[in-house]
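Peer 1: Each chain, letter by letter, is given below.
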Amino acid sequence: MRHRASLILGAVLVGLMAAAGLVSLAWTPWPLAEIDVLNKLAAPSAAHPLGTDGLGRDLLSRLMAGAANSLSVAAGAVLLGGGIGTGLGLLASAWGGRVEEALMRLCDLSFAFPALLFAIMLAAAFGPSLLNTGLAIAFINVPIFARVARGAANQVWVRDFVLAGRAAGRGRAAISRDHIVPNIAAPLIVQATIEIATAILAEAALSYLGLGAQPPAASWGRMLAEAQTLLWVAPMQAVWPGLCITAAVLGFGLLGDGLRDWADPRLVRRQA
Amino acid sequence: MTAPLLIAEGLRKTYPRPRRRLLRAEPPLVALEDASFAIAPGETLGIVGESGSGKTTLARLVMGFERPDAGCVRLDGQDIHALPPRALQRLRPRFQMIFQDPYGSLDPRRQVGWSIAEPLRAAGITGRTSLRDRVAEALEQVGLSAADAARYPHEFSGGQRQRIAIARAVVTRPALLVADEAVSALDVSVRAQILNLLMDLQEAMGLGLLFIGHDMAVIAALCDSILVMQEGRVVEAGPTARLITAPAHPYTRALMDAARGETLTRGAAP
Amino acid sequence: MIRVEGLSAALPQGQALRDVSLSVARGERLGLVGESGSGKSMLGLALMGMVPDAAQLSGRIALDGQDMTGATEAAWQPLRARKVAMIFQEPMTALDPLVRIGETVMEPLILHLKMRRRDARARALDLLAETGLTEPEAKMRQYPHQLSGGQRQRVLIALALACDPGVLIADEPTTALDAQIALRITDLLVRLSRDRGMALIFISHDLAAVARATERLAVMYGGDLVETGATAEVLANPRHPYTQGLIAARPRPDPAMIRKRLPVIPGTVPTLGDLPRGCRFAGRCAAELPRCAGTRPAPWPTASGQAACHLLEPAP
Amino acid sequence: MTRFLIRRAAGFVLTLLAVSVVVFAVMSMLPGDPALSILGIEASPEALAAMRSQLGLDAPAPARYAAWALGALKGDFGTSYAFRVPVGGLIAERLPLTLSLALGAMAVTLVLAPGLGMAAAARHGGPGDWAVMVLSQIGIAVPAFWMSILLILLFAVRLGWLPSGGFPGWDQPLAALRALVLPVIALALVQSAVLARVTRSAALEVMRLDFVRTARATGLPRRRILWRHVLPNALIPIVTIIGMQFAAIVTGTVVIESVFSLPGLGRLLLQSIANRDLITVQALVLLFAAIVVTANFLVDLAYVAIDPRLTGRQS
Chain A
90 MRHRASLILG AVLVGLMAAA GLVSLAWTPW PLAEIDVLNK LAAPSAAHPL
140 GTDGLGRDLL SRLMAGAANS LSVAAGAVLL GGGIGTGLGL LASAWGGRVE
190 EALMRLCDLS FAFPALLFAI MLAAAFGPSL LNTGLAIAFI NVPIFARVAR
240 GAANQVWVRD FVLAGRAAGR GRAAISRDHI VPNIAAPLIV QATIEIATAI
290 LAEAALSYLG LGAQPPAASW GRMLAEAQTL LWVAPMQAVW PGLCITAAVL
340 GFGLLGDGLR DWADPRLVRR QA
Chain B
46 MTAPLLIAEG LRKTYPRPRR RLLRAEPPLV ALEDASFAIA PGETLGIVGE
96 SGSGKTTLAR LVMGFERPDA GCVRLDGQDI HALPPRALQR LRPRFQMIFQ
146 DPYGSLDPRR QVGWSIAEPL RAAGITGRTS LRDRVAEALE QVGLSAADAA
196 RYPHEFSGGQ RQRIAIARAV VTRPALLVAD EAVSALDVSV RAQILNLLMD
246 LQEAMGLGLL FIGHDMAVIA ALCDSILVMQ EGRVVEAGPT ARLITAPAHP
296 YTRALMDAAR GETLTRGAAP
Chain C
1390 MIRVEGLSAA LPQGQALRDV SLSVARGERL GLVGESGSGK SMLGLALMGM
1440 VPDAAQLSGR IALDGQDMTG ATEAAWQPLR ARKVAMIFQE PMTALDPLVR
1490 IGETVMEPLI LHLKMRRRDA RARALDLLAE TGLTEPEAKM RQYPHQLSGG
1540 QRQRVLIALA LACDPGVLIA DEPTTALDAQ IALRITDLLV RLSRDRGMAL
1590 IFISHDLAAV ARATERLAVM YGGDLVETGA TAEVLANPRH PYTQGLIAAR
1640 PRPDPAMIRK RLPVIPGTVP TLGDLPRGCR FAGRCAAELP RCAGTRPAPW
1690 PTASGQAACH LLEPAP
Chain D
75 MTRFLIRRAA GFVLTLLAVS VVVFAVMSML PGDPALSILG IEASPEALAA
125 MRSQLGLDAP APARYAAWAL GALKGDFGTS YAFRVPVGGL IAERLPLTLS
175 LALGAMAVTL VLAPGLGMAA AARHGGPGDW AVMVLSQIGI AVPAFWMSIL
225 LILLFAVRLG WLPSGGFPGW DQPLAALRAL VLPVIALALV QSAVLARVTR
275 SAALEVMRLD FVRTARATGL PRRRILWRHV LPNALIPIVT IIGMQFAAIV
325 TGTVVIESVF SLPGLGRLLL QSIANRDLIT VQALVLLFAA IVVTANFLVD
375 LAYVAIDPRL TGRQS
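Heads up: the protein sequence lines correspond to chains A, B, C and D, in order. Residues 90 to 361, numbered by my numbering, are exactly what the first sequence covers, in order. Residues 46 to 315, numbered by my numbering, are exactly what the second sequence covers, in order. Residues 1390 to 1705, numbered by my numbering, are exactly what the third sequence covers, in order. Residues 75 to 389, numbered by my numbering, are exactly what the fourth sequence covers, in order.
Looking at chain A on its own, in the form it has when it is part of the complex:
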């Protein structure tokens, strides 16, 4: 029952954020970069539902554009890094032996570099930009997915139906494609959902530090950094972007939790 509620609430939050982001690509209530110094830090009104920021830009418009940036970078990075990592994990599992051992040692080593630290290093090296932030997050996801995919695949490789496939005369590649991938898809989708939540947090933190999205691009993390200087004058400026981040992360987290319960083999076994 609880996972049903998680699933629905998560889907609603993610859907809302994604919709806001998508709409912002075509239309926002106000032009994103329109500066109106006379109207800065305006209170919410019919014209500006959430008011304006320190430069008089419409807050709602910028939050919507922030959703587009945040979600696309997070999802894109996880898909890219996750895809590569999954491929490597599958390969390691199918091959076994030295290949597997070497790949897993590399993963262990990469876990010595905390994700945020690594992203900071990359941002420092290649200059701060949203694209580099995304690449750094993608890179961090490679070993995570390699490990999860390899672990899940190893559990499938020892199942009898894989042995039956081998007895039938099928090769490693065919078995990986026909048996392993479909059977590890569920845990990987769950992992991806959860990693997207983590990626949104990372992107926000990097942008807050000035290492991610650069002005005038709208980004939740950047908006928070700007709002912090105005805490004494306009506290609500610091509330909205944070709420957006929390809602997006919460949405993906709940979605992942709900999916995990839904995909739990124990539950499936019980229904069967």
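It is worth saying that the hints were derived from the structure and are not from the lab. Ideal Cβ positions, reconstructed from N, Cα and C, are used throughout, including at glycine. Don't take every hint at face value.
Per the computed footprint, the stretches of chain C lying under chain D, defined by three or more beta-carbons under 8 Å from a beta-carbon of chain D, are [to be verified]: (1) 1464 to 1474; (2) 1481 to 1489; (3) 1596 to 1604.
Based on these hints, arrange chains B, C and D on the given structure of chain A.
Peer 2: Frame of chain A, contents of chains B, C and D only:
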């Protein structure tokens, strides 16, 4: 007597054990030592033993999933471990396997028909209609219906799943079937059905059967001859009738005791 | 010692137990036989007050004269180990891996019997020795992973005996063990039951094991108690068609039976969701009457017990 | 037992070595010329070459690595390009602040989370469980730096109880502690949410195991089963997460120090990046990675203390 279908000669298999000390290697675990036997076409050989007796290792060697350290397995006179992978793959339709756990031996995400057709596809048979006909035929052979091909494993009971696994194993019309604890997970009333089905199929198709298990009663009911294994070694072998009436090795006698239970006096306490 | 009257257990998927009545006398050894879904394990758990939360119980359970019908967890807890104890199928996972054998066996002695550590240690040693564990003194200091399956089952038996219960329920105690070890554990349970005058409820799917261990037999199918009686009598002369089918379908190591077709019970063991309304065996029974599917048969007396089958109804 | 420890210790040292190689390699591949950033773009080519050789940059890479790694072992990380003082000194000045932040946050987390998680597991499905789950789900979703800003809004801007940022120095202990309260809470709340959830699910996982049923059948009271049998068995996943959390907290300080303008290692890292002070960045990254690796090693040691199955003999 006809030429044997399967010959296993002097099979030995060891597994490395983790080191306990840094500099001294542990002696390897001997899973199987000098096992030899032969099966004629249509014949049934039972291998009885307990966990750690090496019987599952034996099945894996016969199926070519692992290579022996010494000895060889010949099917139709060909050493399957010496064959190049392609040639072994071409030989696969001749020998198939059924497993213990009917819940684990079918891919839960594939329709039953897909799983049954898998050995055919691997053998290069790809025509849609010919695959469908062969699957239907196999399903009917094991007492299910052609319509079951479109259903998923979780829609079936344990006994029915084992029938499906058998259908997959016989769909290529093999000469040899290897069954590893194939009825151990089944309820008594269903187990008898599966044993009968195996005997029917053998007689109809001239199938040789290597039947591996731990329950002497089951093995004795099904097999022409029996090999008793303990700790990787063959401790006794012979025709079933001789082995169950006059077991020579104490371990065989213990297995018989366990199998006979109800014919003993009640509560035979030491 | 134990009296069960009209016990039913309803799970969300279906009825796991239906109107089961059974009693076990002091020192008696009862075998509870059935296939998967027969309700035998559920019955065992009910006698410990340990049915899953989802199960709705009705009917009466009395333990040593004490009425436990509808008792709470708090009411059951003091009876466990002291009045009725239980061991389970899987000895490999049934012991806390982080606790030494000695501490495990001493825990109920200290907690329930208020023994001092030194006394508890001596008593635990005696108990382990009584179950035939070799080198019990050394084993006291070891962890479960250092013991084999058979040794662990002996430790679990010692643990169950710690507070000298009147009844020991053994749920498939030998199923996970190799044949030779299984025989020894079975014989050990019989000996302990005799020596201590302790009732033994031996739950198993294996007729051979039950035949060896028990003097009375109860056969279950689909949540019903279908037949009871003296073990030897039931095995030699089963009255219920299911019992007959079950015994016949069992392969025997007999030279005359090699590669002979076994008599089978047709169909599959029904799941809780699709049990017939009347006799649970309806649909698979060779001697089925028209009323079997709809009307539940009453238990009729047999030579040494009862069998619930319309065929046994005395002619009017 | 000793074999396990030796293997883990060897692994620890090897990992540290590999980490240092990776850090060095990545930093040497980065674009940017330290000599140029020190002397400015108007410097003559000769002056640049002289500066490079003075910095040891003209030696081959393995030699440079060896010199750097050996120095690092002795606490000598070279001279900061930007501040023109030894990097080791820069780090030593700022380390106490960052460590107090991290250890403080870890301590608060350990006080809050495991109890909450166990309590939730004990009341599985009840309202208490539900409340812990909802709160922790939200807690995980809140970014630590936003949590910091909200705390500042409440306790500094609205109530004025605590400072909104800055650090007075350790010579004013009371003021220093007051300055650390909000950052520690901000770091700890998020991690507590994670740990409470992990504790709960680990405990529930253990409660499904056979030996818990044995304990019930032995008539042990619920409370005793929970604390004596469930908790110790749940500790392995819990300790694993604690190790990972320490790493997360340490990197989290980079952001939190920035929010509260605290002069710790994180601030130094960001400043060094802004100044393209590569040698300082290199030392800091190595230090952070070393802290993470050490935390993981300590977790390994904790496993040995918890689980007798790891200590050798048979398994």
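Peer 1: All the hints need checking, so say for each whether the structure fits it.
Peer 2: Checked hints:
1. 1464 to 1474: Three-residue rule met by the region 1464 to 1474 of chain C, so holds; n is 7.
2. 1481 to 1489: Since three or more residues must qualify, the claim that chain D covers the region 1481 to 1489 of chain C holds, with 7 doing so at under 8 Å.
3. 1596 to 1604: Answer violated; 0 residues pass the 8 Å Cβ test.
Going through the hint list in order, the structure does not satisfy hint 3, though it satisfies all others.
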